[in-house]
Amino acid sequence: MGLLGMILAAVLAAVIIAIVIVKYLPLKLRWIPSILLLFLAVFLGFKIYNGIMEPINFNKDKITRYAKVVDNLKMIRDAEVKYYEANGNYTKDKNALIKFIDTAKLALTNTKTIVETVNKGGGITDEVERRVTDTIGYEPVLKYFKDRDYKTMFSVPGLKGTEFELEVGTVEKVQGLVVPTFMAKTPKKALLEGMNESLVKQELEVIAADQIKGEYVSVGSLDEVTTAGNWPPSYDKKGDKKE
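Heads up: the sequence shown is residues 1 to 243, going by this note's numbering.
These are computed hints drawn from the structure, not numbers from a lab.
Mixed in with the good hints, there may be bad ones.
[To be verified] Straight-line alpha carbon distances no greater than 30 Å define the calculated DSS-like cross-link-like pairs of lysine-lysine that follow:
{"hint": "1", "residue 1": "Lys201", "residue 2": "Lys160"}
{"hint": "2", "residue 1": "Lys60", "residue 2": "Lys173"}
{"hint": "3", "residue 1": "Lys92", "residue 2": "Lys47"}
{"hint": "4", "residue 1": "Lys173", "residue 2": "Lys92"}
{"hint": "5", "residue 1": "Lys143", "residue 2": "Lys92"}
{"hint": "6", "residue 1": "Lys62", "residue 2": "Lys173"}
{"hint": "7", "residue 1": "Lys60", "residue 2": "Lys82"}
{"hint": "8", "residue 1": "Lys189", "residue 2": "Lys151"}
{"hint": "9", "residue 1": "Lys74", "residue 2": "Lys60"}
{"hint": "10", "residue 1": "Lys112", "residue 2": "Lys189"}
{"hint": "11", "residue 1": "Lys68", "residue 2": "Lys120"}
{"hint": "12", "residue 1": "Lys237", "residue 2": "Lys82"}
Could you build the full structure based on these sequences and the hints that come with them?
Following this line, the structure appears as structure tokens:
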């Protein structure tokens with residue numbers, strides 16, 4: 001709206017200058033308003049270019065900032081998932097989660113089906129299949145975080161001294177079945193500090209499927225059973241480590 005108003009004002013100014021030139025200025029002085037019109041054209045061109053490029057540059061910059069945040073949230077998510085595998089719940093203790101990565105081991109299991117003969121009495125037998133799971137070894141959790149800076153995963157990139165909020169809870173998935181949940185998040189507004197305020201306001205209200213929706217960059221949920229992040233697939237296309 002500001003850019004449109006500026007264009008209209010510039011056009012009006014150009015019209016006024018043109019009228020002054022034709023009606024009031026002698027021929028020998030007409031070079032003066034011509035110079036003014038030239039400067040006006042250059043100024044207007046710059047403003048139009050800047051108005052077009054500012055949203056483009058904003059989008060590039062925010063993606064760069066968000067990408068670093070998403071990488072840390074993925075590490076937190078992976079740590080919570082492994083913690084859940086080992087303990088059956090999630091934790092909001094950040095130090096405990098880092099220590100878990102450093103020291104814990106996960107059981108390696110092998111599941112097989114065996115056939116047992118069951119005596120049903122009266123000389124009648126029946127063969128019944130049964131699945132048996134055996135522990136065949138252990139592996140360190142640390143192996144899943146090789147070459148990843150998990151010790152600083154709770155620090156929000158770009159915001160010195162700021163950590164992700166981490167919460168745990170439960171959700172009744174079906175009647176009588178209560179399932180643990182977790183959520184890690186950080187406000188988008190702080191990540192976009194110093195950028196165009198109007199564009200930041202729009203970003204906090206965005207609902208498009210190819211954008212990070214809402215006011216936070218987050219992973220997990222306290223309201224539903226999920227370990228997904230609220231970022232679009234484009235943030236997963238580069239830099240993911242395949243475990």
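Now for the hints, and whether the structure bears them out:
no.: 1; hint: Lys201 with Lys160; result: holds (23 Å)
no.: 2; hint: Lys60 with Lys173; result: violated (39 Å)
no.: 3; hint: Lys92 with Lys47; result: violated (49 Å)
no.: 4; hint: Lys173 with Lys92; result: holds (21 Å)
no.: 5; hint: Lys143 with Lys92; result: holds (22 Å)
no.: 6; hint: Lys62 with Lys173; result: violated (35 Å)
no.: 7; hint: Lys60 with Lys82; result: violated (33 Å)
no.: 8; hint: Lys189 with Lys151; result: holds (25 Å)
no.: 9; hint: Lys74 with Lys60; result: holds (21 Å)
no.: 10; hint: Lys112 with Lys189; result: violated (52 Å)
no.: 11; hint: Lys68 with Lys120; result: violated (63 Å)
no.: 12; hint: Lys237 with Lys82; result: holds (23 Å)
The structure is inconsistent with the numbered hints 2, 3, 6, 7, 10 and 11, although it conforms to all the rest.
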